[in-house]
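Visitor: Construct all of the structure, not just a fragment, from the sequences and the given hints.
As a plain string of letters, each chain reads:
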Amino acid sequence: MKQVWGLLEVVAPAAGLFDITDRIASWTNEERFSSGLLTVFCHHTSASLLIQENAAPAARRDLERYFARIAPESAAYEHDEEGPDDMPAHLRTALTQTHLGIPLQDGRLWLGTWQGIYLFEHRQRPSRREIGLHLIGE
Amino acid sequence: MKQVWGLLEVVAPAAGLFDITDRIASWTNEERFSSGLLTVFCHHTSASLLIQENAAPAARRDLERYFARIAPESAAYEHDEEGPDDMPAHLRTALTQTHLGIPLQDGRLWLGTWQGIYLFEHRQRPSRREIGLHLIGE
Amino acid sequence: MKQVWGLLEVVAPAAGLFDITDRIASWTNEERFSSGLLTVFCHHTSASLLIQENAAPAARRDLERYFARIAPESAAYEHDEEGPDDMPAHLRTALTQTHLGIPLQDGRLWLGTWQGIYLFEHRQRPSRREIGLHLIGE
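Chains as they are written, first to last, in this note's numbering: chain B, 1 to 138; chain C, 139 to 276; chain L, 277 to 414.
Hints are not guaranteed to be accurate.
To be verified - Which chain L residues face chain C? A few, computed with CB under 7 Å, are given here:
(1) PHE317
(2) HIS319
(3) SER350
(4) TYR353
(5) HIS355
(6) GLY359
(7) HIS366
(8) HIS410
Stated by the list, open to error - Covered stretches of chain B, as calculated for chain L (at least 3 residues, CB under 8 Å):
(9) 14-23
(10) 41-47
(11) 65-78
Just so you know, the hints here were simulated from the structure itself, not pulled from any lab data. All C-beta atoms, glycine included, are put in the ideal place defined by N, C-alpha and C.
Guide: Spelled out as structure tokens, the structure:
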């Protein structure tokens, strides 16, 4: 049994869902484990992680619109000194994931055909995000 | 330290919460670990996982109604070619869990008295779902 | 490779977010791992876990108000015999986390500067909550 650690830097040009499946799968494949558990951890409170539909761009846009609607920038927040997109970013992070656990089987991430791993950026300005990768297994 | 892998097939006759605690506990008990970490992973983007109240069927029905209300089939979605229950399924998946991590202690899953593990099926038609089980420990 | 298990008792005087970062970090530091994976597990269905903004008390209050609004006590629930705060507690738990996975790197939890770990108590009455800690690594 062994473990390894990796760091992914993701530049998000604006708010939205960004597919990071290939980068995470590449890193995992290079570590040459046959089975184990990958933990993906987002180092921030205004960006989050999501496993979602990877085929239809329209589904991605519906998701973005949905979270913009249920945690809107237009609402009144007490915490507003960092701009109108700051508090909704924390709310959308709370409703989605800061970490994902994905099993590794037969040397590959055990993701379904339609499952992609997304960074969900919630700030409007361009952001540089750190994603930690911890892999344990053999 | 060791790890094992298992696969659970769950047939969901319709949308709703389905208790899979016993099947997961049985599989875990047969592996005879004394302590460790179980990861439960749902291989789909229109079904998800939830740890919830296991005693009151009314609480389960309230949960189903709540998610039907906050991510309704009646809303207008851009991604609608797979039917009115498709996009709400992705939204309800995003709001709940694709994976769960549950510690194993004294040879048993460390679940609270009222905690059950549920497959949350979001499609109306009958579905066959794959749930991966990864157990690491000793 | 090794694993350890710990138990944290948290007394929540009322509903709200309670910072448990220091207690979890202290326990982790005492175990003297250099790297690994910490799993934090909440043993209840009417309290949950959240990684959130640790600097601004206003952000914490906005979060509490947001969940009080989207899963309100004032709504009609079928499961209501344990009081008006019971079913909203289950809904708010479903929308947040029962478990967290946090990597350990260079002997410390790999948390961002602004990330705190919170117990999110959803019942109004004082509650005593059990949080399980499972650490695997070396």
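Visitor: Please go over all the hints and tell whether each is borne out by the structure.
Guide: Verification of the hints:
The criterion of a C-beta within 7 Å of any C-beta in chain C is met by L/PHE317, whose closest approach is roughly 5 Å, and the hint holds. This hint holds: L/HIS319 has a C-beta 4 Å from the nearest C-beta of chain C, less than the 7 Å allowed. Annotation: interface hint on L/SER350 violated; nearest CB of chain C at approximately 14 Å, more than 7 Å. Nearest Cβ of chain C to the Cβ of L/TYR353: about 5 Å, under the 7 Å cut. The hint holds.
A cut of 7 Å between beta carbons decides the hint on L/HIS355: the least distance to chain C is about 4 Å, and the hint holds. A hinted interface residue such as L/GLY359 counts as satisfied when its beta carbon comes closer than 7 Å to some beta carbon of chain C; here the least separation is about 13 Å, so the hint is violated. About 5 Å separates the beta-carbon of L/HIS366 from the nearest beta-carbon of chain C, less than 7 Å, and the hint is met. Using the Cβ-Cβ criterion of 7 Å, the hint placing L/HIS410 at the interface with chain C is satisfied: the shortest such distance is roughly 4 Å.
Here the segment 14-23 of chain B counts 0 residues with a CB under 8 Å from a CB of chain L, which misses the bar of 3, and the coverage is violated. With a cut-off of 8 Å between beta carbons, the segment 41-47 of chain B has 4 residues touching chain L; three or more are needed, and the interface restraint holds. With 4 residues having a beta carbon nearer than 8 Å to a beta carbon of chain L, the segment 65-78 of chain B meets the requirement of three or more and the stated coverage holds.
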